[in-house]
Amino acid sequence: MSGPSTYKPNSGIEKWLDQRLPLPRLMHDTMRTFPTPKNLNFWYVFGGILTFCLAVQIITGIVLAMHYKPDSTLAFGSVEKIMREVNYGWLIRYIHSNGASMFFLAVYIHMFRGLYYGSYKAPRELIWIIGVLIYLLMTATAFFGYVLPWGQMSFWGATVITNFFSAIPLVGTHISTWLWGDFAVGDATLNRFFSLHYLLPFVIAAVVGLHIWALHVPGNNNPLGIDVKSPQDTVPFHPYYTVKDGFYLALFVLFFAVFIFYAPEFFGNPDNAIEANPLVTPKDIVPEWYLLPFYAILRSIPNKLLGVLALGAAILILAFIPWLDTSRVRSCRFRPTMKWLFWFFVATCAVLGYCGSQSPDAVKFGMPLVWVARLGTTYYFGFFLVLMPLVGLFETPKPLPASISQPVLAE
Amino acid sequence: MTHLPLRLALGLSLALGSASAVMAQETRDPLPPKSVDFSFEGPFGTYDRASLQRGFQVYKEVCSACHVLQHVAFHNLDEAGGPGFTEAQAKGIAAGFKIPAEPNDKGETTDDKGERLTRPGIIADYFPNPFPNENAARTANNGKLPPDLSMIVKARQGGAHYVYSILTGFHQTPPKGYAVVKDTYYNPYFDGWNIGMPPPLQADSVTYSDGTKATVDQEAHDVATFLAWASEPKMEERKQMGFSVIIFLVAFSGVLFAAKKKLWADVH
Amino acid sequence: MTAATADGATRRDFLYVASGAMGAVGAAAVAWPLIDQMNPSSAALALSSVEVDLTSIVVGQGVTIKWRGQPLFVRRRTPEEIAKARAVDVASLPDPLAENSSLPENAPATDANRATKPEWLILVGVCTHLGCTPTISTPTDVQGEYGGWLCHCHGSQYDTAGRIRKGPAPRNLQVPVYSFLSDTRVKVG
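Protein chains in written order, with the numbering used here: chain A, 1 to 411; chain B, 1001 to 1268; chain C, 2001 to 2189.
Worth flagging that the hints you see were computed from the coordinates, not collected in a lab. Mixed in with the good hints, there may be bad ones.
[Unchecked claim] Simulated pairs of lysine-lysine, DSS-like, Cα-Cα distance not exceeding 25 Å:
hint: 1; chain 1: A; residue 1: Lys38; chain 2: B; residue 2: Lys1261
hint: 2; chain 1: B; residue 1: Lys1034; chain 2: B; residue 2: Lys1176
hint: 3; chain 1: A; residue 1: Lys283; chain 2: B; residue 2: Lys1034
hint: 4; chain 1: B; residue 1: Lys1106; chain 2: C; residue 2: Lys2066
Looking at chain A on its own, in the form it has when it is part of the complex (with noise of 0.2 Å):
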């Protein structure tokens, strides 16, 4: 919640600083003493991974721009040299792969756990609808950063995702022209990549900023959905959350290191390590992992401009989900018909990730996956458009405890 500030300097450059720009009160009140709700858990840990992931790739990414070359004949060398020649290159260039993988990992467990537990609802509709912009532009640099290594996956899927733009009537091939500089990906689409790639993350960490901000103004949701009612539902933000993150941080930071040493091509594909050539298509052009559900979104619809609309729609749609969820209760845990559509929301999520990395015409144990692709984009856009305002409207939600401190009313 924010209140009054409570800091005290004490010392003399402190003193000075604060009556010259208040850093120091503003990492004090935001850092160290804000109120935070003791009940939060390991769902809650994922706010400052992502910011430790975000600060991990930023500077991983400045140390691989003093040696990446950002031209079509020169990229995919720079990239070996720094792979075998430059000194821990392999490390750094690992760091930053998987380490991108890692991030998304780390915002979709924090944006299901936002779902999950209502955070989106008022008053924090707004940090919803930042979290979603920091998403778009997370998906964009992702995007461009895949590029950069002008593998085979890196031209072809940067083809088929600027083609996209082609579908809009009229000036569709205008804006992928545009786009490409060029009459297809080439030398100039990938140097103008590159350089939104460098941009995107401090316009990243600018919304960062104000998604954090916007929190504070109302402070922190928690497990049970429920407001804080007085100090004794919360404790100070330091030591007990920058202890309880720091531990978490730590776990997830072996998690990640398992694999960049042990498995640092799990999440690639072979593709990748050949030279990209135009005249050559690789048999399946898949984006990487952490869009593939919005890939089979986007496949399951049979017509162009519409399979594009739907993926925009699939995004976007997002942000409207404060409105779109009718229910006066935030979280779950009190909510027992909505919990249950929640899973299979994530489940459908999964499989239609699983389905955007098949062939478009695979068959499994005797379904095609296109037709279970699109089951999923049916419950997909149901849950948000259908189930979300209705269910709030008949469900009948559990009694909530008084508050926070009180003995949690048993489930």
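We have chain A already, so just place chains B and C on it with the hints.
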């Protein structure tokens, strides 16, 4: 009466069996790569140095005629985690390769026969391309381009197993009714079954300097190991560092866990 | 009660100190690769030495080769140039030190300390003033008064052993580390 289900079952399985054979023939999906042991697999795997040196010999004497190792430099040969040549040996290997020379004082790049002028390699050089350009490579190989091998283990599903399977997958009898396409060779481990490369290895294609018997299997295994190193020369360093990092992080997590537990004890 | 809290407090402090210490170790371990990656890569280091073939250089002739990104002068001196270099009183030189990477810092700038094999003078062709490349003096195109090199940027003049004689340059041209692999081949660096 009692035989009917059996006959039905037999008939069905025969029909299905031949149907799938026909289908497999139409799709020509490659066989899954052979499972064979490589010393570098697993979290504690390392490259077998002797195998790397033998594999290098196979590359040099057999494969380098058509395949370049574009991203590998001669100085990589004496670095830790690799074949373990000395600097002098690496220099000697480099000098054995002909690198296109800079224009001479007259500004020429070819001699009077039209052959490209070359100079002996130095350790800073990369393995040279046996062909001056893609068109020349295709002309010499029935229109097919022999791929660069420096990333081949990373660029193929199955990695070193795939390379080994291709090299040992020749000389098999194609299924009935299958006609081998002209200028290609039947290899069921290759997608489409028609590989443009003629079988490159035979028994004793090379005479190993360490005296190991050069069977096709041995040569294929050694060159697959060498190519795995060529794709990832830093693998040993990566795994060694990983071990220290994981141990540190487990300990660090433990300490932080204790700190967290102690701190939160009075809240819960 | 006080004993228990005191115990608890010290254990918590210990845990904090331990966490902080391990965190610092971790941070240092992470920082090192980020710093070391800016050091020359293995490709740059592979070019850190060059082998020069001396067979095509006749007496009185020199070649300039790129070494570590800079010009390297390899000169085959005439007997006159050698004699002229030896005749100089070392103590009177603006820079009386050998400036030879293979020798100790205080070695004097005698001709023997500037060229181990008197016929072959190997110098880093970078003027010690502000880094321009000096020009060699030839009988047909005399540069400077000392028969060696003249730097056109600010007028520094070097003699036949590459020692500074006149002009703003403070030090003699650097003699790099080199060793003769044979009579016709020298490895520099």
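Violated hints, by number in ascending order, as checked against the structure: none
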